[in-house]
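Quick note, the sequences are listed as chains A and B, same order. The numbering of the first sequence is this note's numbering, which starts it at 48 and goes up by one. The numbering of the second sequence is this note's numbering, which starts it at 0 and goes up by one.
Read the hints as simulated data drawn from the structure, not as lab findings. Treat the hints with care, since some could be wrong.
[Said to hold, decoys possible] Quick list of in silico lysine-lysine cross-link-like pairs, DSBU-like style, CA-CA up to 30 Å:
id, chain 1, residue 1, chain 2, residue 2
1, B, LYS421, A, LYS135
2, B, LYS339, A, LYS129
3, B, LYS490, A, LYS135
4, B, LYS491, B, LYS18
5, A, LYS138, B, LYS281
[Unchecked claim] Which stretches of chain B does chain A cover? Using the computed rule of at least three CB atoms under 8 Å from a CB of chain A, they are:
id, segment
6, 64-73
7, 238-245
8, 267-281
9, 355-364
10, 428-438
11, 492-501
12, 509-523
Beta carbons are placed, not taken as given, at the ideal position from N, Cα and C, and that holds for glycine.
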Amino acid sequence: MATFMAPENAEAKQAVADAATEVAAEVTKAPLPPVETAHPWAMPTAASTFAEDTDALYYFITALDTVFFVIIMGAMGYFMWKYRRRSKDQKTSSITHSGIVEFLWSAIPTVLLLVIFVWGECDFVKQSVPPADALDVRVTGQKWYWTVEYPKYPGVSLSSSTEEPALTLMVPKDKPVRLTMTSTDVIHSFYVPAFRVKRDVVPGRYTQIWFQATRVGEFNLFCTEYCGDLHSQMTGVVKVLEPDNFERALIAAGILEKEDGESLAAYGERVYRRRGCAACHSVEGKDGIGPAWNGLYGRTESLTDGTTVKADDEYIKNSIYEPNSQIVAGYSPQMPSYQGLLDEEQVTAVIEYIKTLK
Amino acid sequence: MADAHSNESNYLTATRGLKSWLFTLDHKRIGLMYLVGVLVFFLAGGLFALTLRTELLTPEGGDFISATTYNKMFTLHGAVMVFLVIIPSVPAALGNFLLPLMLGAKDVAFPRLNLLSFWVYTLGSMFFLYTLAAGQLDTGWTFYTPYSNTTGTAVISATFGAFILGFSSILTGLNFVVTVHKMRAPGMTWNKMPLMVWALYSTAVIQVLATPVLAITLLLLIVERTLMIGIFDPAMGGDPVLYQHFFWFYSHPAVYIMILPGFGIESELIAVHSRKHIFGYKAIALSSVAIAIISFVVWGHHMFVSGQSELAGIVFSFLTFAVAVPTAIKTFSWVATLYKGSIEFNTPMLYGLMFLFTFSIGGLTGIFLGALSVDVHLHDTYFVVAHFHYVMMGGTIIAFVGGIHHWWPKMFGVMYSERWGKISALFIFVGFNMTFFNQFLLGQQGMPRRYWSYVPQFQQQHILSTVGGYLLLIGFTIIAIYLVHSLRNGKKVGPNPWNAQSLEWTHTASPPIEHNFHGQPVVENDPYNYPEIDRTGASH
Ligand SMILES: [Cu+2]
Ligand SMILES: [Cu+2]
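All chains should be modelled from the sequences, with the hints used to inform the complete structure.
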């Protein structure tokens, strides 16, 4: 696999970007196709190496349960019919117990349950040990979006959106991937049904999962630990690519840059959507976790410390880099700092974008 | 026998006036007051659930209620159903009424304590509801930190509310343990106790042992708040997962507080209405005790994906399978009891049979969740929702409804309409399975729980669930109507309409007199020794 070109190398960067143009268009702009649906009785599309293992055990338990259910209900139904009361003084059997029968129906389930236990345990242990050569990915959960970074590709970052299904995680097919996850606020849980992986994302600690995708396509990502109002919108799209395309596509989708000919305001809007601002700030006046942005520019803001300030370039920039130094009255200090996450050009673009919002 | 005194006043008419109820020391009246409380909360909890189901008719959120309202509703639904309905349903309502009668005692061991626990329950539920509503609690009934820390101090007062309610169950539990040990009628050895008594006894033991853990959790939450010592809050260096350990250390045993009494009712229903000696009495009784013990060491199965160590996951998975065995033994024994019986399909029995159907599904689907790798996929999806509704509702509530029908003639001396009983049972059977069965399939396809909006591919199944929910509403409404109607217009019954053999039927009137029995009953027979049993030849 080609090694990644550091972004400082302008020439190489240009080459990568060029090569990725078509992929980029396809990846970031095209509406995401509906997720493949399987039959309601079957497990969802299987797209990781774990899926086969988990499904095998799932179907084994289903079969076993069905057999037991049919036996229990069959016996019950048969007795209900055979021994229904026909006359008031119908005689009944004096049987009260049976050592051998009771032994059998304790021992057989015990053995079967042990088999299931060991089977589930082995697969679980396998899922706990990521291979050493796995691709490292950092996942951060926050109310109510995911951000994904790749230590191997500095500057590349993807994030989900509460508004629409957004490309949130990209991984190569047939390569192990290890996710190291943490949360900045409450507990979330990272769940990709098609991969059969799930792990809580806990503030103050790192949790890990790994998987190896086996199928190219797009799959749902859900948050499965209740985390508040937009819990059900904390979803995203996981895209599995051919290893050859992976790097180009990832860079194209994950590096947020002003495109040639794009206006600053338009670029600012993309920053707004792709860097998670949309989770807390609306642009059409709806109150969210943070203030809506329309009409913000030039307005006089009252702050919680009783002072007022004019919302100019300097103020907005400061609000982004050091959000907790000036808190708008009526809001709580919930905004994370974007120091180091948004560069100067991106901040300027956001300001230009805010200026257009009336 | 009671017939001789049939014109005598009973516990309902012995004294009159509101005060004679509110300050009664009579376990039967206390039981009835609990029953009224539980049924009112059941109605409320059910309506909360229907609100949720109605919102889920379409994948988009917000066509009926906002996300914030939705989250408060499912918190209310879960908290009310668990703490105010299911936990007190069988033990406090039916158990209070029945335990002394079944033991041949005049009352429970500590009648005053019993009244106190009723009042603690009443005040506790008021406080709890007030907290949930005023504190705008939207954390789910599990109050997980640190999410619950962000809702101000509500988590402390909610835990406090649950703790007050817990106190009521500790007091009831204590009372029942002592009553069973000390107040059995002469001749009633442990092996001659009805299985309902065994179940109430095992439940009482868990209540006494597990509930104090809630108190410890509460204390830690308060210490964390007031002394700013980080225990659960990561912002202060605490561990949020520790909270989950504490919570489930109480709440998993609480699951068995909820289901064991249902098992007790089931044993009575199946035996009495098939006129057969219960099959495997000892196995059923001892498996209740075994479940009570093992239930204390399986709490970690709620946390396989929470970031607890892999080893802990493995141990908890193993113990979880261990608890499945006694449960399986019970189910097989109930079915075997039907063998060569004389089965009458009256309303209580229909619930007894329905229980076997729904509870078997609940139990069998637990196996998926105990298996580690499969649980990783299913955890916190609708599969779990379906599973615990099959256990809690398909088990406890169905048994509870069956029990109400079974002991209704004893409680009020009247019989309800058998025909409407059967019709509503059909509604409940169809409605219940329609609501919850396809939630297994939803979960298995990856539909997460506690979602206000969802991906469109799940819509059809959600519609089916919602329709099922409304069928349940119809079923329960019919029951409410004919039961209330029967109070005035029901056919009067004698002391023992089912011709059962336990003391509450054989030795006292319907409704029982205030002091339960004329003189001390003496037990010679086994509680399952029905006259129809053919003793000729067989030597069992
Ligand atoms: Cu969430
Ligand atoms: Cu549990």
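These are the hints, each one checked on the structure:
For a cut-off of 30 Å, the pair hint linking LYS421(B) to LYS135(A) stands: about 20 Å separates their Cα positions. The hinted pair formed by LYS339(B) and LYS129(A) meets the criterion: a straight-line CA distance of about 8 Å does not exceed 30 Å. For the hint pairing LYS490(B) with LYS135(A), the CA-to-CA distance comes to about 20 Å; that is within 30 Å, so the pair holds. Pair hint LYS491(B) plus LYS18(B) holds up; C-alpha atoms about 27 Å apart against a cutoff of 30 Å.
Distance check on the hinted pair: LYS138(A) and LYS281(B) sit about 24 Å apart at the alpha-carbon level, within 30 Å; holds. Under a criterion of three residues with beta carbons nearer than 8 Å to beta carbons of chain A, the stated coverage of the segment 64-73 of chain B is upheld, 3 such residues being counted. Residue count for the segment 238-245 of chain B with a Cβ under 8 Å from a Cβ of chain A: 3. That meets the three needed, and the coverage hint holds. Coverage of the segment 267-281 of chain B by chain A holds in this model, with 9 residues showing a Cβ closer than 8 Å to a Cβ of that chain against a need of three.
As drawn, the segment 355-364 of chain B meets chain A at 6 residues by the rule of a beta-carbon pair under 8 Å; at three or more, the given contact holds. For a cut-off of 8 Å, the count of residues in the segment 428-438 of chain B with a CB near a CB of chain A stands at 1, and the three-residue condition is violated. Proximity of the segment 492-501 of chain B to chain A, defined as three or more residues with a beta carbon under 8 Å from a beta carbon of that chain, is not established by the 0 residues found. Coverage of the segment 509-523 of chain B by chain A is violated [criterion: at least 3 residues with CB-CB distance below 8 Å; count 0].
The earlier numbered hints that this structure contradicts are 10, 11, 12.
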